[in-house]
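> With the hints as your guide, set chain P onto chain A.
Given next are the chains, with one letter for each unit.
Number of protein chains: 2
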Amino acid sequence: MGELIFIGLGLFDEKDISVNGLEAARECDVLFAEFYTAKLTGTTVGKIENLIGKNITVLDREKMEKQDIIIETASNKKVGVLVAGDPMAATTHLALRLRAKENRIKTRIIHGTSIIASAPALSGLHIYKFGKTASIPYPRENYFPTSPYEILKENLKNELHTLILLDIDEKEEKYMRANEALKLLLEMEKERKEKVVSNKTLVCVLGSVGSKIPKLRAGYLKDLSKEDFGEGLHCLIIPGKLHFMEAEALVELAGAPRGIIEEI
Amino acid sequence: MGELIFIGLGLFDEKDISVNGLEAARECDVLFAEFYTAKLTGTTVGKIENLIGKNITVLDREKMEKQDIIIETASNKKVGVLVAGDPMAATTHLALRLRAKENRIKTRIIHGTSIIASAPALSGLHIYKFGKTASIPYPRENYFPTSPYEILKENLKNELHTLILLDIDEKEEKYMRANEALKLLLEMEKERKEKVVSNKTLVCVLGSVGSKIPKLRAGYLKDLSKEDFGEGLHCLIIPGKLHFMEAEALVELAGAPRGIIEEI
Chain A
60 MGELIFIGLG LFDEKDISVN GLEAARECDV LFAEFYTAKL TGTTVGKIEN LIGKNITVLD
120 REKMEKQDII IETASNKKVG VLVAGDPMAA TTHLALRLRA KENRIKTRII HGTSIIASAP
180 ALSGLHIYKF GKTASIPYPR ENYFPTSPYE ILKENLKNEL HTLILLDIDE KEEKYMRANE
240 ALKLLLEMEK ERKEKVVSNK TLVCVLGSVG SKIPKLRAGY LKDLSKEDFG EGLHCLIIPG
300 KLHFMEAEAL VELAGAPRGI IEEI
Chain P
60 MGELIFIGLG LFDEKDISVN GLEAARECDV LFAEFYTAKL TGTTVGKIEN LIGKNITVLD
120 REKMEKQDII IETASNKKVG VLVAGDPMAA TTHLALRLRA KENRIKTRII HGTSIIASAP
180 ALSGLHIYKF GKTASIPYPR ENYFPTSPYE ILKENLKNEL HTLILLDIDE KEEKYMRANE
240 ALKLLLEMEK ERKEKVVSNK TLVCVLGSVG SKIPKLRAGY LKDLSKEDFG EGLHCLIIPG
300 KLHFMEAEAL VELAGAPRGI IEEI
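Chains A and P, in that order, are what the protein sequence lines are. Here the numbering used here is used: the first residue of the first sequence is 60, the next is one more, and so on. Here the numbering used here is used: the first residue of the second sequence is 60, the next is one more, and so on.
Extracted from the complex, chain A is given alone in its bound form (with noise of 0.2 Å):
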C-alpha cells in the first residue's frame, strides 16, 4: 500500500524541519520537492538530500500541477513530497490530497514552520490582531491587482496588523524586494485614492526569517523604501492599532523611531 506524506521544510535552511519530518522522509521511498509556492534561501537541495540521506526529485510547477507522477509513484510506495513553510499552504498540495484520497492513497501531514505566525512572533507584534493576509503579485502587462490595497485598507479600518507576502517567480530567480513591494504599494495609492498608504506609513520589513539573523526594520515608508534588505525572502508587515508594548518591540527590536510611542 502505497501512501503521501507532505513534509513542511520550515522556512530558512535544511534544519528547519522538526524531528519528525526528518524520521518520515528517511523512511520514504522516493522524496519529491518543489520550490515554486515558497523557497529555502539558506540552504540547497544538495544540502536538503545529505541531512535525509536520500535523493530527491525536484517538480516544476507544471509536473506538480499536473499530480500525475506523484499519484502513480504513491500509488504503491510511500512518498514525501517537501514543501517549503507548512506543506499544506497553497492551494496545489490540498488538491494533490483530494486526488490522493480519491485514489484511496493514505495522507499524511507533518507541518513546519510557516511565515504566517513566524513574522508576526518576530516582529513583536501581537498575533492575535493580524487580520487576513495580504500578498502583492509581480506586475505583468495589464495586470496590476490592487487587491491587497483593499485588504489593508480593510484590516486598518479595524485596527488590524496587516502581513504582506511578496511574489516569487522561481523561474526566473526572482524574489520581490520590500523596497519594491513598498513601491508597489504607493503605486496602488496613486491608483486608488483613499489615503490608505502613503510615505509616512509606518512599515515594518522582515528579511531571512528563521535564520540565525533574521533582519527585522521598522520605521516610515518614505525610510524603508531607500533601504536595502539584503539577500533572503522578504516581507512586510504594516500595523494597525499599536499596544504600548508593542510600538515599544518596534522600537526596541527594529529599530522604528521612539516618536511611535508618543503617538500611541
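Everything labelled a hint here was simulated from the structure, so no lab data went into it. The beta-carbon is built from N, C-alpha and C at its ideal position, and this holds for glycine as well. Keep in mind that the hints are not guaranteed to be accurate.
As the list claims (entries may be wrong) - Negatives, chain A to chain P, calculated, CB over 12 Å:
1) Gly61
2) Lys74
3) Ile76
4) Phe94
5) Val117
6) Ile174
7) Lys188
8) Ser194
9) Phe203
10) Thr205
11) Tyr234
12) Lys249
13) Lys285
14) Glu322
Claimed, not checked - Here are the simulated DSS-like cross-link-like pairs (lysine-lysine), alpha carbons at most 27 Å apart as the crow flies:
15) Lys165/A / Lys274/P
16) Lys212/A / Lys274/A
17) Lys137/A / Lys165/A
18) Lys188/A / Lys125/P
19) Lys252/P / Lys274/A
20) Lys300/P / Lys254/P
21) Lys271/P / Lys137/A
22) Lys113/P / Lys216/A
23) Lys274/P / Lys160/A
24) Lys249/P / Lys212/A
25) Lys216/A / Lys212/P
26) Lys271/A / Lys165/P
27) Lys188/A / Lys212/P
28) Lys212/P / Lys113/P
29) Lys113/P / Lys271/A
30) Lys113/A / Lys271/P
31) Lys300/A / Lys212/P
32) Lys188/P / Lys216/P
33) Lys113/P / Lys188/P
34) Lys98/P / Lys188/A
35) Lys252/P / Lys188/A
As the list claims (entries may be wrong) - Computed far set for chain A versus chain P, every beta-carbon distance over 12 Å:
36) Met60
37) Arg120
38) Ile130
39) Glu239
Same frame as chain A, but now just chain P:
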C-alpha cells in the same frame, strides 16, 4: 556572555521541534520551559529531556512572568526557553525578550510550528482567507466575554474564516473541549442576539493537530456539539464564504455533509 534562546516545541510531541531547535537546546547550559500558555499533549517533560539529553526546569506562570530567574541565569549562561507552538506567540515571551534586551543579553528565536498556521492548513481551508483569530476563555464569575462573538461576526461579514482557540487551565489540568466551546458560542448568541451563530452554523473541529492521527470533523453546530473529540487540545474553525475546493475538502477530509457543496 549570556544568551537567551526562545525555542519553539511545535504542536504535539517532543519530535515536533525543528532540527535547529534541537541542536540549539543541546548547546544550552540551562533549559527552562513553560506549559501554561500552550501545551504538548503527546509527550511528557521526561521525553523532551531524553530527546535533548538535558534537564529542564519547568516554570509556573508566576515564575515565568516574574522573569528574574531567567534573566539572572542568562546574564552569564546560554539559556534556552522551551515553549509549545511558536515561542513568541504570547505577550509573556515578548516581555521577557524586551527585558533581556534591556539587560544587554543577546536573544535568538527558533520558530516552531504554530496552531495559527497548522490548523488552517490541516482543515483544507485557504489560509489567506482567515481573518482575526479568536479565543474562548473559560467563563468565570461575572466574566463571560463575548469578544469571540464580535470577531466572528466581523470575519463573517467580510466572508473570512475564523480560527478559534480554546482556553487552557494548566493548574487545574483543564483543556476546553470543542463541544463546550460550541455551547459557549450559542450562549453568546443568546446574550447578543445578532444572528451570528446558530445550530445550523457550519463548524470545523480540530483535535491533536500535529499528531500522526489528527482529528478533523466538519458539520453543523448542532451535530458536532454532541460529539466527543477525545484527548488532546481542540480548536474550532468557523468557515466564512467557501470556495468550491474548500467545500470539497470539508466533505472529503472532514466528513461534512455533501449538501454544503451545493449551497455554494
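> Indicate, hint by hint, whether the structure satisfies it.
Going down the list of hints, with the structure as the test:
1. The claim that Gly61/A lies off the interface holds: its Cβ sits roughly 17 Å from the closest Cβ of chain P, which is beyond the 12 Å cut-off.
2. Distance to chain P contradicts Lys74/A as a non-interface residue, since its nearest Cβ pair spans about 4 Å, not more than 12 Å.
3. A Cβ of chain P approaches the Cβ of Ile76/A within 12 Å, the least distance being about 6 Å, so the stated non-interface status is violated.
4. Remark: the non-interface label on Phe94/A is consistent with the geometry, its nearest Cβ contact in chain P lying 18 Å away (cut-off 12 Å).
5. The claim that Val117/A lies off the interface holds: its Cβ sits roughly 21 Å from the closest Cβ of chain P, which is beyond the 12 Å cut-off.
6. A Cβ of chain P approaches the Cβ of Ile174/A within 12 Å, the least distance being about 8 Å, so the stated non-interface status is violated.
7. Separation of Lys188/A from chain P is inadequate, the least Cβ-Cβ distance of about 7 Å not exceeding the 12 Å criterion.
8. Under the 12 Å C-beta cut-off, the non-interface status given to Ser194/A relative to chain P is violated; the minimum distance is some 7 Å.
9. The non-interface label for Phe203/A is consistent with chain P: the shortest C-beta to C-beta separation is roughly 19 Å, beyond 12 Å.
10. With a cut of 12 Å on Cβ distances, Thr205/A stays outside the contact zone with chain P, its closest approach being about 16 Å.
11. Residue placement check: Tyr234/A keeps its beta carbon more than 12 Å from all beta carbons of chain P (closest about 19 Å).
12. The beta carbon of Lys249/A sits about 25 Å from the closest Cβ of chain P, which is more than 12 Å, so the claim that it is off the interface holds.
13. Under the 12 Å C-beta cut-off, the non-interface status given to Lys285/A relative to chain P holds; the minimum distance is some 26 Å.
14. Taking the minimum C-beta to C-beta distance to chain P, about 19 Å, the non-interface status of Glu322/A holds against the 12 Å cut.
15. Proposed proximity of Lys165/A and Lys274/P is supported: the alpha carbons are some 15 Å apart, at most 27 Å.
16. The hinted pair formed by Lys212/A and Lys274/A meets the criterion: a straight-line CA distance of about 26 Å does not exceed 27 Å.
17. At roughly 10 Å between alpha-carbon atoms, Lys137/A and Lys165/A fall within 27 Å of each other, so this suggested pair holds.
18. A C-alpha spacing of about 25 Å is found between Lys188/A and Lys125/P, which places the hinted pair at or below 27 Å, so the restraint holds.
19. Pair hint Lys252/P plus Lys274/A does not hold up; C-alpha atoms about 47 Å apart against a cutoff of 27 Å.
20. For the suggested pair Lys300/P and Lys254/P, the alpha carbons sit about 16 Å apart, so the restraint of at most 27 Å is met.
21. Between Lys271/P and Lys137/A, the direct Cα distance comes to roughly 15 Å. Compliance with the 27 Å bound is thereby established for this hinted pair.
22. Distance check on the hinted pair: Lys113/P and Lys216/A sit about 48 Å apart at the alpha-carbon level, beyond 27 Å; violated.
23. A distance of roughly 16 Å separates the Cα atoms of Lys274/P and Lys160/A; the hinted pair therefore holds under the 27 Å criterion.
24. Of the pairs offered as hints, the one joining Lys249/P and Lys212/A is violated, with about 32 Å between alpha carbons and a cut-off of 27 Å exceeded.
25. Between Lys216/A and Lys212/P the alpha-carbon distance is near 15 Å, which keeps this suggested pair within the 27 Å criterion.
26. Annotation: proposed proximity of Lys271/A to Lys165/P holds, straight-line Cα distance about 12 Å (limit 27 Å).
27. For the proposed pair Lys188/A and Lys212/P, the alpha carbon gap of about 16 Å is at most 27 Å, so the pair holds.
28. In summary, the hint linking Lys212/P to Lys113/P is not supported, as the alpha carbons are separated by about 47 Å, beyond the 27 Å threshold.
29. Of the pairs offered as hints, the one joining Lys113/P and Lys271/A holds, with about 22 Å between alpha carbons and a cut-off of 27 Å not exceeded.
30. In summary, the hint linking Lys113/A to Lys271/P is supported, as the alpha carbons are separated by about 22 Å, within the 27 Å threshold.
31. Distance check on the hinted pair: Lys300/A and Lys212/P sit about 20 Å apart at the alpha-carbon level, within 27 Å; holds.
32. Among the hinted pairs, Lys188/P with Lys216/P is consistent with the structure: their alpha-carbon atoms are about 13 Å apart, no more than 27 Å.
33. Using a Cα cut-off of 27 Å, the hinted pair Lys113/P and Lys188/P is violated, with the two alpha carbons roughly 41 Å apart.
34. Taken as a hint, the Lys98/P and Lys188/A pair is honoured in the structure, with Cα atoms around 22 Å apart against an allowance of 27 Å.
35. With a C-alpha separation of about 25 Å, the suggested pair Lys252/P and Lys188/A falls inside the 27 Å cut-off, and the hint holds.
36. At roughly 16 Å from the closest C-beta of chain P, the C-beta of Met60/A stays outside 12 Å, upholding its exclusion from the interface.
37. No Cβ of chain P comes within 12 Å of the Cβ of Arg120/A; the nearest lies about 18 Å off, and the non-interface call holds.
38. No beta-carbon of chain P comes within 12 Å of the beta-carbon of Ile130/A; the shortest separation is about 15 Å.
39. Consistency note on Glu239/A: stated as away from chain P, and its beta-carbon is indeed over 12 Å from all of that chain's, at 20 Å minimum.
In this structure, the earlier hints numbered 2, 3, 6, 7, 8, 19, 22, 24, 28, 33 are contradicted, and the remaining ones agree with it.
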